[in-house]
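Same order as they appear, the protein sequences are chains V and H. Each residue of the first sequence is one higher than the last, beginning at -15 in the numbering used here. Each residue of the second sequence is one higher than the last, beginning at 220 in the numbering used here.
Please keep in mind that the hints were generated in silico from the structure rather than gathered at the bench. Do not take every clue at face value.
What the hints assert, rightly or not - Calculated lysine to aspartate or glutamate pairs in the EDC-like style (CA-CA distance at most 16 Å, straight line):
(1) V/Lys258 to H/Glu450
(2) H/Lys268 to H/Asp363
(3) H/Lys301 to H/Glu412
(4) V/Lys169 to H/Asp494
(5) H/Lys272 to H/Asp363
(6) H/Lys457 to H/Asp536
(7) H/Lys580 to V/Asp237
(8) H/Lys440 to V/Glu154
(9) V/Lys151 to H/Asp363
Model, not experiment: these values are computed from the prediction.
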Amino acid sequence: MRIVVGIKWVPNTQAVRFDPKTGTLIRAGVPSIVNPHDFPAIELALRLRDNYGGEVIAISMAPPGAIQGLEHVLGMGADKAVLLTDRKFAGADTLATSYVLAKGIEKISREIGPVDLAIFGHETIDSSTAHIGAQVASWLGWPYVYYVRDAKLVGDGVIRALRQTEKAVEEYDIKLPAVLATAIKALKPRPVRLSYKLRAKLEKPIIIWTNDDLGLDPRCTGLKGSPTIVANITWMPEVPRKKIVYKPKDPRDAARWILRQLFTDEAVAPFLRKALWGEE
Amino acid sequence: MPVKVQCEKLCPEWPCEQPDEFHDIWVVMEADEHGINEASLQMLTPAKKIQSKKPDEKIVAVLVGHDVKKYAEIPIKHGADKVIVVDDPRLATYYPRVYGQVIVDLAKKYKPAVILVSATMRGREMGPYIANTLRTGITADCTDFDVDEKTGDVLMIRPPFAAIMLAYIKTPFRRPQMGTARPNVFPVPEPDESRTGEIIEEKLEDILDPGMQLVSHTPVKRSEVLIEKAEIIVSVGKGIGTPEGVQLAEKLASLLGGVVAGSRKAVDAGFVTPDRQVGQTGKSVKPVLYIAIGISGAAQHMLGVREAGRIVAINIDPEAPIFRQSDYGVVGDYRPIVEALIEELERLKQEGPQALEELLKEAQAS
Ligand SMILES: Cc1cc2nc3c(=O)[nH]c(=O)nc-3n(C[C@H](O)[C@H](O)[C@H](O)COP(=O)(O)OP(=O)(O)OC[C@H]3O[C@@H](n4cnc5c(N)ncnc54)[C@H](O)[C@@H]3O)c2cc1C
Ligand SMILES: Nc1ncnc2c1ncn2[C@@H]1O[C@H](COP(=O)(O)O)[C@@H](O)[C@H]1O
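Please model the entire structure based on the sequences and the hints provided.
Rendered as structure tokens:
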């Protein structure tokens, strides 16, 4: 099986701090990481390859800095990596991103060998749209499901995906080629192995394709190929709150103060009365 | 006036259409054997807001599935002007691409200006497929919608990752303009039983080959009250420290007839399950009362409680940002405070409303 897995190299949003004085985000020195929600996708791809043979190809549309992220995935055991990088891809929304990724997958199918499965993470931590899986499926015309926790082959060209929604655990038999998007934290990823990483560096399996290779119409990529635009950015309006803060003498004083506030506040008092005494 | 699209500037993979050919505000309904999902009815609230600024546009609910026609009146009572129903036994099983394609085909026929989808699990799976197949944009997890007065474009308002700013996103050159919002960001509009509206039944001819088959479906029991529905929530943060602390919170919650939720750090520490996470990447909740224990008040967390009635904060750090975003704050170690609170509540419960009168009088005296 040839499996492509989508990777995004993202700023570690946990490390982004906010400066309340200047009202800006402090991004300087914020390291980038492989999007944490991509790891279940990578792990699923590697397990399927380990079980059934074939190869795992990591793919990313990103500036060249993302090579570090692809090296990380090669270090986990991916066989190849493809970086789709071009100035013309910059400023893309999810439609334009998924377009380039889909065209990259088609080129892999033509030049490296037919792709059976494309696996994506659920969402990215920097944009958290969860769009890309469904959009790539739309461009390629492949069936897809989200929230996948596991998968196995069940016969010729059919994969059985297990997923969980709010209501049920479900299994689907899906005809390959197909797209899967994994659930957050669905699978524990394997660690990076130094030997794999070294081999990756020596044998250079990172393939770089620019738009000269993909040959896409520049009106379909990057900012131009993005239907959505950011018109404006403002502060989020504050929710009006009472903001009464109390420093109690002792815990009992604290408890009684809270109860006095709540039972004299008509917005909550009736609900508390109902909870305690069943009053309507 | 909307922009005039110059076809030669568009990606040739996109059909060239003019925005002013598109009308009406669609809301995708999600239905199963229990009826229409409340989250999709909630999307009628932003639809009405958009309509209030574009009075010529009709609100159209789109109801797709099998044996769903019987629900067609429901969205009308809640504010839809029309309902388009596709009721077909071939839609008995939901497949994202098949349902998505049905809505794509309807949209190609009727040309709606806007499509709103609730970001339920199903909506998140299907929405981007619909948008992409129509070659249009979609904005996920909006917290508000508005209309650009000059162009008439819908503004999709969402927090970028810092949760303290809002980005206004628009889709000036493409229609329909698509957006999703998480459940409980908006209320269900009050029903008006006297409302009537047109119900249009659409027949399916061809149906897309799903390319997949549902082979097993095991319902998972929902044992406890969902936090989205709770009137009273006791929410714990990293400051709760230990599982014993969580038990204390549970005791308080059960006395108040409420449920326990938590911050992301509380989820990461294993204090509460992920389905109880409140915030930007968790759930939005709208309880009457939200008691935050050992929660610092990060913007991403507070985004999930914007609709909460009152917020009580108990935090040991007087500088904790949560105090600037709560109604009633108490500074101190939560443990003895919550213990005392439980004790007082148990006493009130036993002694009855008279004891409460005394407690309130005491305050006046002091
Ligand atoms: C993209 C992104 C999305 C995110 N989404 C979410 C989300 O959906 N939900 C969410 O909650 N977070 C989210 N976060 C994380 C968020 O930024 C915060 O890290 C998190 O909310 C902090 O959780 P906390 O308040 O429990 O922990 P902390 O910030 O560590 O606060 C613990 C608090 O407990 C107090 N405390 C300690 N001991 C005691 C005691 N004995 N008694 C009383 N108080 C005590 C401390 O003073 C402190 O204020 C997200 C972050 C990012 C970057
Ligand atoms: N630029 C990209 N290159 C490759 N894969 C991506 C890219 N952006 C997103 N993805 C994949 O799509 C998933 C969903 O991302 P998103 O829709 O941006 O939240 C991620 O978990 C990745 O697997």
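request  = Enumerate the violated hints, using their earlier numbering and listing them in ascending order.
outcome  = When the structure is compared with the hints, only number 9 turns out to be violated.
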